[in-house]
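Novice: So the chains spell out like this:
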Amino acid sequence: MTAIVKAQTVSMKFKSVDALTDVSLEVAPGEKVALLGHNGAGKTTLFRIMLGFIRPTAGSITIAGHAPGSDAARKIVSYLPEQVAFPKMLTGREVVRFYARLKGAPLDDVQAVLAKVDLVDAADRRVETYSKGMRQRLGLAQALVGKPALLLLDEPTSGLDPLSRQHFYELIADVARQGGSVLLSSHGLSELEARTDRVAILRKGRLVANAPLSDLQHQANLPIRIRVRAAPGAIESVHAEIGGGRLNCASVELFCAPGDKMRLLSKISGLGAQVEDVDVAAPTLDEVYRHFSKIGADEARQGRE
Amino acid sequence: MGGVLTIAATEIRIGLRNRWIILSSLILLAFALILVLLGSAPGGEVKTDAVTVVVASLATLSVYLVPLIALLLSFDAIAGEIDRGTLQLVLASPVSRGAVLLGKFLGHVAVLAIAVSSGYGIAGLVAFFAHGGGDAGALVGVGRLIATSVMLGATFIAIGYIASASVRQTGTAAALAIAIWLFSVVLYDLALLGGLLASQDGVFARDIFPWLLVLNPADAFRLYNMSAIDAAAVGSNLGGGAGSALPLAGLATLLSPLAWAVIALGLSTFILKRIRP
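Taken in sequence, the protein lines are chains A and B.
Numbering-wise, the first sequence is residues 1 to 305 according to my numbering.
Numbering-wise, the second sequence is residues 1 to 277 according to my numbering.
Source of the hints: derived by calculation from the structure; they are not laboratory data.
In this text, a Cβ means the ideal position worked out from N, Cα and C, and glycines have one as well.
Don't take every hint at face value.
Looking from chain A toward chain B, a few residues come up when the C-beta cut is under 8 Å (computed) [said to hold, decoys possible]: (1) 51; (2) 54; (3) 77; (4) 90; (5) 98.
If the Cβ cut is set under 7 Å, some of the chain B residues that face chain A in the computed set are [unchecked claim]: (6) 3; (7) 17; (8) 85; (9) 94; (10) 95.
Only chain B is shown next, with the shape it has when bound in the complex (with noise of 0.2 Å):
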């Protein structure tokens, strides 16, 4: 257990020292500041509140987002690691490979929790400040974006082991990195539209639509949010009209990022033990 704590505690070092949390932090805050600044035009005087209002704006970034830097920091871990010459030694100390990327691991997701927090943290308490303060409450929602941003970055990050111990070069797993964002939160959406609007009896829309949905985990975080707004802001209906016949509802969505950040931690771990560096 010394040598995961060890290990991601100089991920996070490294992290901090190579300007990664700092840069990802600026981004984040940046195109949350401008959500913020756009949003208020709109939200004048409806019911819901403003903060609510930019909860929502901010958990459609993080979909795009959040995922994008979860693979651009996990995706050099391995594959670049062994290219550089820096993971051999590592991989040689008494400590098991599968410690080496569980440690990598908590130190990504730490990296990457002090980037959101800071990023939308920040935003947030600007938003909330910039309307007059109001409803406390709405930083609850904040604190869940953040917390459930989190969780879909370390899904993400987990993915990005596996293209990062399935390749040799680091360029490779960057494309490839790439092709898997590219796939899961831009073209899946496409095709689930596309088959949405093919499927004339309505089967694929009733009986297979909800559940793929539920798969992928950049759409369940979306779910999830949006349904915790709905709940949280009246008549925003921001979730859709799928709502009602998702397989799964509340916080049994987020069992989907859940299930691929294990299935992907056990994945990648079981290459890594084969890689012979």
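The following block holds chain A by itself, in its conformation from the complex (with noise of 0.2 Å):
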């Protein structure tokens, strides 16, 4: 299958500053991409150059083989940007009802698309009225009508609050579902809870991870935390034995690398009843992005030195 955003080197200077540094991003049909990087590390510039707002200064990008911003390209993007607004005088209904004309949708999906994002019994309220979870639902009902074949989501959860955000992914899922592409960015992995099929993350403007997220787990290589109880008395033996840090008279905490984590394991069952409780917990999803951050500053560094 081709792919429907193609990104090949792309770069991006504004006056003195290195908007993007030779990014390369491919998103297939049907795949939901998140991209990562704080703020400023370009992934807005990045969804501009898509929409072709802006063109980049180097490297070529097409949206289903078409230039971004030609007839052809803006026909099948959808664009939530980050602060969505919309003109406050209009209720949220037509607003969309606006958006279905624009991009030539049945006029039916309308009231469709607003049950999906749960704003029926708003619909008919004027936006000014609306908090911003609810605009930003709006702007999601906008995004969605006419089911396009590729999503741009400029940080699309957040205003939302979890259960909503919930809700969100699995309006994802049901366009990537319907052979839809979704890229859409976000500030760090944990609030992407795992919904998508991979993860793109932007470091000042160059990409520095893009995999599926169990990959980037896995490449980060992040030592799994052991907390140990020892039972009352034990806890001087468990020590010898095992090694690691006393939290307090009671706990001991120690790090392994994933490989080692079985066999370390087993040595804890081995002590029997000197043990009262084991915790284990795997490196969390924003310690796996701060490290992938990380690498990224080195790695800007040493091509600068």
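Grab the two chains, each in its own frame, and use the hints to assemble them into the complex.
Specialist: Pasting the structure below:
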């Protein structure tokens, strides 16, 4: 299958700022890709290039084989900006109907997408009365209308409460199931809740990771934390046996490489009644993200030297 | 084409909701009624009928008020919408930028047309009936005034888009719009007057002044309406002595606002296409 987004060594320079450097990224039809990065990492710049708002200073990018911003490309792309705003005098339904007309979508879609984002009850109220989360959902409704082949969502979950966020990822999964591609940006891995097929991490305009989440966790090879709570009075012998650091008068904490985990656990279980409880924690998504962000920083520093 | 009409209809809806239409109608109506009431005093026993006098005063009012309303309507259209983030989505949609601007233009012209027709229409009817009816032909003058005022407004809406598309901040666009208004309806005429006074040999008055007068869409609008009234009402001579020396006469005078509107729309589309939202 041909990629719907195909970016090859895209670079973008604004006067003295390198917003993007040699970014290559592909999104296949039906794929959900998350674009991660801090503020100013270049996520929005990449979106603006894909929309054809700005032209990259180097490299090439195509949307289903068309130039970004061309008539053919605009027909298949839907966009949700980070700060979504609508004329506040219009009602939610009028806004969605407006974009449905502009995209040439059937007007029956309007009610359907309003129902999808749970705005049917508020649809006939003016946008100025909406909360931030409702406006965000209206933005999503506008993006979903007309079944676009590619959804570009710039920090779509930023204003949403955890429940709406979960609902949001279900909607995205729906889009992907019907063959639509989704490229969404986010601040951190933990916000994604492991709901995308692939994660691309931008760091100061460079792509420092681009792989499925489980691969990233594997690549990061971060230590696993094991906490052992000893039985009363047994803490000294447990500590002597397995090492690690004493947390308090009852627990020991130690870190091990993922490959050593089973060996260590069997050793701990060999201690028998001396151990009261064991707690094993894999590195959190945030730790994985921090790991890759740091790698990017190191590489950038090396490149400068 | 569907996109153009959708955008136009939405502009009209917004104009109704944010009370732009009702407010500008009331302003036009208030000024027009003042002129109707003041104008009725000297109207008295002159041959020219009262409605025609009112139309003449309203034409002068239009020269100042209609461009101002038009510019206030349009200065926000691009800079302001990009500022607030409402235009990005429209520009990302399959509708071309030229169609986006054309849709806004049609919507804004419709908003202005509603305001002008209701403001001047009511004032015209008040003048007509306040003086006991009379020649219904005078009402044609009111219709002509409304039509040409809308045309003048359309020209300045298009010029306002140039201001709105060339700057990034709404505030700057507003300042630019006011400057355009001040220049085209106040300073320009003063400068022409100065030129007339300064040129001793009469070359300026004979060869340059008429062209410069027609070149300004607001002056062209005034010339057309005054000459139309001249033709209707014998002896009022409101058009001034320059009438015979003008390079364009009658309806042809309106080529000036028309040309300006077309050029301004083309130029603002060109600028909008280069904007990187």
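Novice: Hint by hint, note whether the structure agrees.
Specialist: These are the hints, each one checked on the structure:
1. 51: For residue 51 of chain A, the interface hint holds, since the closest Cβ of chain B sits about 5 Å away, which is under 8 Å.
2. 54: holds (5 Å)
3. 77: OK, holds: residue 77 of chain A within 8 Å of chain B, min 7 Å.
4. 90: holds (7 Å)
5. 98: holds (6 Å)
6. 3: holds (5 Å)
7. 17: Check passed: Cβ of residue 17 of chain B comes within 4 Å of chain A, closer than 7 Å.
8. 85: It holds, given that the least Cβ distance between residue 85 of chain B and chain A is near 4 Å, below 7 Å.
9. 94: Holds. Min distance 5 Å.
10. 95: holds (5 Å)
Violated hints for the displayed structure: none, as all numbered hints are satisfied.
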